[in-house]
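Trainee: Sequence:
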Amino acid sequence: MADTPRTLKVLLYSDDIATRDAVRIGVGKRPAKDVQIGSWRECATAAAVIEAADNEDLDLLILDGEATPVGGMGLSKQLKNEIFDCPPIIVLTGRPSDGWLASWSQADAAVPHPIDPLILSSTIAEVARRHSDREQLAAPTGQ
Numbered sequence: 001m002a003d004t005p006r007t008l009k010v011l012l013y014s015d016d017i018a019t020r021d022a023v024r025i026g027v028g029k030r031p032a033k034d035v036q037i038g039s040w041r042e043c044a045t046a047a048a049v050i051e052a053a054d055n056e057d058l059d060l061l062i063l064d065g066e067a068t069p070v071g072g073m074g075l076s077k078q079l080k081n082e083i084f085d086c087p088p089i090i091v092l093t094g095r096p097s098d099g100w101l102a103s104w105s106q107a108d109a110a111v112p113h114p115i116d117p118l119i120l121s122s123t124i125a126e127v128a129r130r131h132s133d134r135e136q137l138a139a140p141t142g143q
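Using the UniProt record's numbering, you'd call the opening residue of the sequence shown number 1 and step up by one each time.
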């Protein structure tokens, strides 16, 4: 049904709990009319992200580019290169001028710090729609 919102399982990575809280609270449960967050999987370490991306059915990854010791941009590049059919990734960059680094990371989108809830919500919805459109195009059409 077209009126049913797409429900996302989102992995959120940052070593900073304040950043994770800002993302979750800013986005809420419904970033757009047609997109809702079904669950958050929070990770504070790169190892936890890699394990979750390998073993869980995730729809979207949000990675903090300012995380230490492993930043979200390097982690994004690693995941995109190592995981077949990697879920879409949004990286949180240190500043708007870091867009070139986000491109290098192969992320699907980038949102700069400080987190603007409206920009992040619309970016999540846009990435979810693009990914959903690709899945529909790849689905078999006849039986």
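These are computed hints drawn from the structure, not numbers from a lab. Treat each hint with caution, since some may be false.
What the hints assert, rightly or not - Straight-line Cα separation of at most 20 Å, PhoX-like style, residue types lysine-lysine; simulated pairs:
id	residue 1	residue 2
1	Lys-9	Lys-29
2	Lys-33	Lys-9
3	Lys-80	Lys-9
Since we're looking at a predicted model, the values are computed, not measured.
Trainee: Hints first: check each against the structure and report whether it holds.
Mentor: Okay, the hints, checked on the actual structure:
1. Lys-9 / Lys-29: Cα-Cα ~11 Å, so holds.
2. Lys-33 / Lys-9: 16 Å, holds
3. Lys-80 / Lys-9: OK: Lys-80 and Lys-9 at ~18 Å, within 20 Å.
In this structure, none of the earlier numbered hints is contradicted; all agree with it.
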